[in-house]
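From first to last, the protein sequence lines stand for chains U and W.
All residue numbers for the first sequence refer to my numbering, where the first residue is 1 and numbers rise by one.
All residue numbers for the second sequence refer to my numbering, where the first residue is 1001 and numbers rise by one.
Keep in mind that the hints were calculated from the coordinates and are not lab data.
Positions of the beta carbon are idealized from the N, C-alpha and C atoms, including for glycine.
One should not assume that every hint holds.
Which residues of chain W face chain U? A partial, calculated answer using Cβ under 8 Å [claimed, not checked]:
(1) Y1002
(2) K1003
(3) V1623
EDC-like, lysine to aspartate or glutamate: derived pairs with alpha carbons at most 20 Å apart [as the list claims (entries may be wrong)]:
(4) W/K1269 / U/E159
(5) W/K1477 / U/E134
(6) U/K81 / U/D122
(7) W/K1489 / U/D122
On the chain W side, residues computed to face chain U include the following (Cβ under 10 Å) [what the hints assert, rightly or not]:
(8) K1477
(9) D1488
(10) D1620
(11) T1634
(12) P1637
(13) S1638
(14) E1640
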Amino acid sequence: MPFTAKSGKFNAKINAVSIGTGDKAITIGGENVLPFYTFDDAIENPPKVGIEITDGGVENEPECIQKCYEGCASVVDMAKKAVTFEGVDFLSIRLEGGDPNGKNKSTEELIQLVKDVAAAVDVPLVVCGCKNVEKDAELLDKASSALEGKNAVVLAAKEENYKTIGASAGLAYKQVVGAESAVDINLAKQLNVLLTQLGVKGQSIVMNVGTASAGYGFEYVVSTMDRVKAAALSQSDATLQMPIITPVASEVWNVKEAAASEADMPEWGNQEERGIDMEIETAAAVLAAGSNAVILRHPESIKTISTMIKALV
Amino acid sequence: MYKVTFQFENGDDVTAFAAPGENLLEVARKTNVAIDAPCSGNAACGKCRVKLAGGELDSAKTRHITEEEYAQGWRLSCVSKVVADVEILVPDIASAYRSRMKVADLGSAEELQIFEKTKADIADAGIAFKNDLEVVSVVMEEPSLDNTMPDNERLVWAVEDACGVSSVKLPFAVLQKLAEVLRKSAFRVQLVIRRADDLAEVLDILSADEKAQVCGLAVDIGTTTVSALIIDMTDGAILAKASAGNGQIRYGADVINRIIEQQKDGGRKKLQDAIISETLNPLIDAMCGASGVSPQHIYRMCVAGNTTMNHLFAGVDADPVRMEPFIPTFFETDSLYAQDLGLHIYPHARIIMAPNIGSYVGGDITAGTLASTIWNSEEMSLFIDLGTNGELVFGNSEFMMSCACSAGPAFEGGDISCGMRATDGAIEACTIDKETMEPTLTIVGDEGQKPIGICGSGIIDIISELFRCGIISPKGKFIREGERIRHDKYGMGSYVIAFKKDAASVKDIELTEVDIDNFIRAKGAIFSAIRVMLGSLDFDVSMIERVLVAGGIGSGINMKNAVSIGMFPDIELEKFTYIGNSSLSGAYAMLYSSEAEAKVADVAHNMTYLELSNEPSYMDEFVASCFLPHTDATLFPSLEMK
């Protein structure tokens, strides 16, 4: 008897969410199959790759990335350069200098920077906060207002500050709300429910379900994403059908495998290669587990992941 | 040494002496001054507040006491050091648990009705209500120079004859008083006899003209509350009933804190004294005083308590209960007698302990299971005991499965800033107007009683109503604004249920986001335990044909609200029944009926224990359950329709 493959396409779909405006606008999600299962059905919107810069400028980058931005005098210069690298679909600016426990830059200063960057590039934008929930509530509220009309992703609303950020980004200024939870399918779902009850449309939400750098414990990340996709598709759970965006860079470049210099760890070899490898491995894994977009830092990793996506979809 | 004077609103001062720098809560404990300290003195719960009436204390400031209150003299005793002679006012709310408990024993007509129903159910299940104790009158020939048999043989012969048995046992206690009683009564005596097949054991000997009464004592030792009954062993009549707070409370609100406390030097004795000398003996004395029963006529006692309580009651090291692999010293024991424990009853009275079946499923559950009669029905029944530990039994006449989850003291008002046990002044029910957000309260106590705090059933109502009115989000955070909704400087929201002017407490009665969070966790623990236990059998909630809810949460529990916050499964409300304090009803049955005692042992042997901490899905289910009503809304279809 001949083998007849059964199609694994589902009746449910991941929401298709557009980010940005004009020619460069992108759409993530929209698929009704598991990640990269193009043999089950066509994947209309391949996963997208973003590049991350921070308000700290070139000096804030790892040494091996600094050289890619040679000649850039300001963050705006960096942004202009970043969007020219091969495979970049969108730009993410992380406002980490806003952290009250760090540089504690003022909201005004950072918002001005966001405005300047937005004016300088035409690709879709993602604005990431400083990870302090109170400061982010203020920072991302102002950023939402400053980027009105840009259809940017605001990353992220968490359980502690979803009311402010959700109301501002999702309701008042019509941005895309990033919903961040900590590697737990139930917490991810709960936040989506809270945001939709607040009035934010499910189609204006993307999830950051939490990530880590590839390595010990990473299986939690993978199984969370797996289960989110399974619930969204096989159980048609509308509260989990939001596409997933995963900021990989901010995790990867902080772990010792990427950060330790060759002088400190000669047996580990070239630091740049290690960093790129970690970034590629983590990104490939979260994409295979269900991420619809990843945010990376090294142009080389972006090129590689982008090539991988093209080859698979 | 400094002099510490504790003052009470209703009661005499207590004076103690303390070394410089000594912790005030410790001083109170040593002097037997009851200050409620559910968190065992970790400054976590804010319950041990006292008022400085004179002198001074070195007290750390905590978030539990506002600046204003601090200025008025309010201090947390657990963070206060004695640095001078001092006078301390212990507020009534702290001493409330001592005597004024209204718990799910037999306080109200409603509770009594529930008790009678349970008794009838047990009888319907074929359990004969009779025991092996009886009073037998015998007349012996008086000894003479011609009749030289010793007293004990004379009695044995008489008993063999009267009872038709071939062997008779005389305990030392009887031997001791034998000569005196026999001669005083001219060898016409009444004997309290325990019969077992061909054996008769003489428990007590009384002269013929004395009033012979065979009584028994049934006790439910809860982590928070102790309830007791004195019954007539010949007809099962209840002669007295009472309840009180467990005196061990000052060593911590939950079993873990108490186990840690008993590990300290002399701790086991302290914990045993707290339950026996400070709680049970006064309770027995009070009941005997009220009913005219002589404590010496209590010939048997039955104790139903969780595994830890049983160990602490017996004065046996409970530490292994807490430590992996969680092996207690005993599940069952019949080696205890009143005299071993210093109980104020007949010294040779045997103590029946309802058997434990695991470290966290104890005699209260096996006794409760007997009372629930789920073992006698083909209906798939779920029995839930809402205590500090939530325990569940699911099954029918074919099988039974049990598990325990740590719900924390929230159901009894612990871990809740304005929480209290269901005593006078506790808000036990509440409705809230959706438009105005104004509450309507039902308060435990006499007409006109002002609210002091909130008990378990009240918290269920308030959370359910806040959620229904859209005042809190499914995560328990405040999402509406109004006069009754406040946010402190840290941004924590709260709902004022009663303003200070309308309350009998020292501050506004409010429910904070932290309280709601604690309660959501407690209800999440119960619901996820139900799901995991049913899941392990491949069942879902639709298979449950009836739900029996027991525990001190009170007969005021509103099942509909408990379902709407996702504490109980969403099945027809008619399937839910509140069965009161099933542990006490079970202890009563075991005391009065030898068949019931055997049945409980049988039930315990046939129950499978599911250790939730070994179930990988439990944590996941728990997180999913910590949401109102649940992360998976499809589990609560009846709520979605609205």
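Comparing the hints with the structure gives:
Because the closest C-beta pair between W/Y1002 and chain U is about 43 Å apart, greater than 8 Å, the hint is violated. A least Cβ separation of about 48 Å between W/K1003 and chain U goes past the 8 Å threshold, and the interface hint is therefore violated. Because the closest C-beta pair between W/V1623 and chain U is about 4 Å apart, less than 8 Å, the hint holds. With a C-alpha separation of about 47 Å, the suggested pair W/K1269 and U/E159 falls outside the 20 Å cut-off, and the hint is violated.
A threshold of 20 Å between alpha carbons decides the hint, and for W/K1477 with U/E134 the separation of about 16 Å falls inside it, so the pair holds. In summary, the hint linking U/K81 to U/D122 is supported, as the alpha carbons are separated by about 12 Å, within the 20 Å threshold. The straight-line distance between the Cα atoms of W/K1489 and U/D122 is roughly 42 Å, outside the 20 Å bound, and the hint therefore fails. Hint status for W/K1477 relative to chain U: holds, with the closest Cβ pair at about 8 Å, below 10 Å.
Annotation: interface hint on W/D1488 violated; nearest CB of chain U at approximately 15 Å, more than 10 Å. The beta carbon of W/D1620 comes within 7 Å of a beta carbon in chain U, closer than 10 Å, and the hint placing it at the interface holds. Because the smallest distance between the Cβ of W/T1634 and any Cβ of chain U comes to about 9 Å, under 10 Å, the interface hint for this residue holds. Using the Cβ-Cβ criterion of 10 Å, the hint placing W/P1637 at the interface with chain U is not satisfied: the shortest such distance is roughly 15 Å.
Hint status for W/S1638: violated, given a least beta-carbon distance of 18 Å to chain U, over 10 Å. For W/E1640, the interface hint is violated, since its Cβ never comes within 10 Å of a Cβ in chain U; the closest pair sits about 12 Å apart.
Violated hints, in rising order: 1, 2, 4, 7, 9, 12, 13 and 14; the structure is consistent with all others.
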